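**Q** Below are the chains, spelled out letter by letter.
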Amino acid sequence: MTSRATTAQTVGPFFSIGMERLNCAELAGPGVAGERVTIEGRVLDADGVGVPDAIIELWQANSLGKYAHPEDWQEKPVEAGFQGYGRIPTDEDGKFRFTTIKPGSVPGPDGKLQAPHIAVSVFMRGLMRRAVTRIYFPDEAGNAGDFALRLVEPGRRGTLIARKTPGIDGLLKWDVIMQGPGETVFFDC
Amino acid sequence: MNYPPGYRRALAGTQPEYLHPSYKSSLKRAPSQPLVYLPHTLSEITGPVFAPDTVNVKACDLTRQHSGEPLGERIIVSGRVMDEDGRPMRKTLVEVWQANAAGRYRHTVDQHQAPLDPNFSGQGYAMTDSEGRYRFITIRPGEYPWGNHHNAWRPAHVHFSVFGPAFATRLVTQMYFPGDPLLPFDPIYNCTADEAARQRLISVFDWENTIPGHALGYKFDIILNGREATPMEHR
Numbered sequence: 001m002t003s004r005a006t007t008a009q010t011v012g013p014f015f016s017i018g019m020e021r022l023n024c025a026e027l028a029g030p031g032v033a034g035e036r037v038t039i040e041g042r043v044l045d046a047d048g049v050g051v052p053d054a055i056i057e058l059w060q061a062n063s064l065g066k067y068a069h070p071e072d073w074q075e076k077p078v079e080a081g082f083q084g085y086g087r088i089p090t091d092e093d094g095k096f097r098f099t100t101i102k103p104g105s106v107p108g109p110d111g112k113l114q115a116p117h118i119a120v121s122v123f124m125r126g127l128m129r130r131a132v133t134r135i136y137f138p139d140e141a142g143n144a145g146d147f148a149l150r151l152v153e154p155g156r157r158g159t160l161i162a163r164k165t166p167g168i169d170g171l172l173k174w175d176v177i178m179q180g181p182g183e184t185v186f187f188d189c
Numbered sequence: 001m002n003y004p005p006g007y008r009r010a011l012a013g014t015q016p017e018y019l020h021p022s023y024k025s026s027l028k029r030a031p032s033q034p035l036v037y038l039p040h041t042l043s044e045i046t047g048p049v050f051a052p053d054t055v056n057v058k059a060c061d062l063t064r065q066h067s068g069e070p071l072g073e074r075i076i077v078s079g080r081v082m083d084e085d086g087r088p089m090r091k092t093l094v095e096v097w098q099a100n101a102a103g104r105y106r107h108t109v110d111q112h113q114a115p116l117d118p119n120f121s122g123q124g125y126a127m128t129d130s131e132g133r134y135r136f137i138t139i140r141p142g143e144y145p146w147g148n149h150h151n152a153w154r155p156a157h158v159h160f161s162v163f164g165p166a167f168a169t170r171l172v173t174q175m176y177f178p179g180d181p182l183l184p185f186d187p188i189y190n191c192t193a194d195e196a197a198r199q200r201l202i203s204v205f206d207w208e209n210t211i212p213g214h215a216l217g218y219k220f221d222i223i224l225n226g227r228e229a230t231p232m233e234h235r
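Sequence order for the protein chains is A and B. Numbering follows my numbering, with no gaps: position 2 of the first sequence is 2. Numbering follows my numbering, with no gaps: position 76 of the second sequence is 76.
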């Protein structure tokens, strides 16, 4: 090892100047196969107040469980134009909303498939380095045996699983609670 | 097929803790529960790939984005993005944003009583070359007051956002300037326990990239997490 990784610093309150160019809340264009889902929620602080200056980044596989990345060795196709990346700033109430396709299962290091999930980075003023979490999907049989979910104490796993919206197919709810009761599970990544 | 190796974790003290009481905004936003250690899977070993054609010359020259010249001192900020083993991080996206020479951001939330500059947006981006190098031409940003505590001032800084090859290597940081007298008093700069790690956030005055008669150079190398050894290398 020749050096140490550079220290992270907060994005501060003015990140939109440099980051809004890549804002993207539609992760899957018309030619991308898969079950369409809209996921919405809020980023909340310890008082349950919406964080108006947060930005979340998403990273996911396509519906076959294939990442648009050269190190994904699986012999599966990726649709042209599918990147799997999203970036969404919160609004004045801390809300965010994005539309994508439900990702397929990707291989885990234990030789089993991981349950479908989206990798998430959270940045905001006051957060010195990103917070890393995951979004899983409700009613997913694979959640019970999922490698990463099983690392989490059972009582907190629910913070990683989006909730269905009664009466509205394809609309899921998922909040990011930074601190306090119901605090979202964040990973050392 | 062996599962691809993950990325190394930070050495203790070299990354900031989430909660820093001296940085007030962290009090209600810092996670309080211990982080759950996540061995890297395919989801963390991969990450977004950006097409080189999304970058243009104007994006890396922040002094040429408007009809006139911005006010302030022109500077060259350049460096290399590498991993901890010195391997260049090629074709990776680097985003920057900053205040203008008067210490004002072009952002509705910034109400500091300093002038905006119609010729300066304060945003740029670049893609590293085959050696991991990037280069921006910009204006030295001004220091500015903020509301964290009495007489609080941010040292001059440029915000950097870097992707690297994987979700695991994502980094957002700030670059500071050598000799800035505000650094010892800045809660954000001082959030990191390890002094050497803090000092690596300070750019180095750079004769080599100074343009005579035009702009001083500052060098800022960015180091991303190194790769774990592959299983083969353990044998």
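Fair warning: there could be bad hints in the mix.
[Unchecked claim] Heads up, simulated DSBU-like pairs for lysine-lysine below, C-alpha to C-alpha not over 35 Å straight-line:
#1 Lys-58/B - Lys-173/A
#2 Lys-219/B - Lys-173/A
#3 Lys-91/B - Lys-76/A
#4 Lys-91/B - Lys-112/A
[Claimed, not checked] Here are some of the chain B residues that sit facing chain A, going by a computed Cβ distance under 8 Å:
#5 Ser-43
#6 Arg-64
#7 Trp-97
Everything labelled a hint here was simulated from the structure, so no lab data went into it. Please read all numbers here as calculations on a predicted model, not as lab measurements. Even glycine gets a Cβ: it sits at the ideal position worked out from N, Cα and C.
**Q** With reference to the structure, classify each hint as holding or not holding.
**A** Hint by hint, here is what the structure shows:
| no. | hint | in the structure |
| --- | --- | --- |
| 1 | Lys-58/B - Lys-173/A | violated (40 Å) |
| 2 | Lys-219/B - Lys-173/A | violated (44 Å) |
| 3 | Lys-91/B - Lys-76/A | holds (24 Å) |
| 4 | Lys-91/B - Lys-112/A | holds (32 Å) |
| 5 | Ser-43 | holds (5 Å) |
| 6 | Arg-64 | violated (17 Å) |
| 7 | Trp-97 | holds (3 Å) |
When held up to the earlier numbered hints, the structure conflicts with 1, 2, 6 and fits the remainder.
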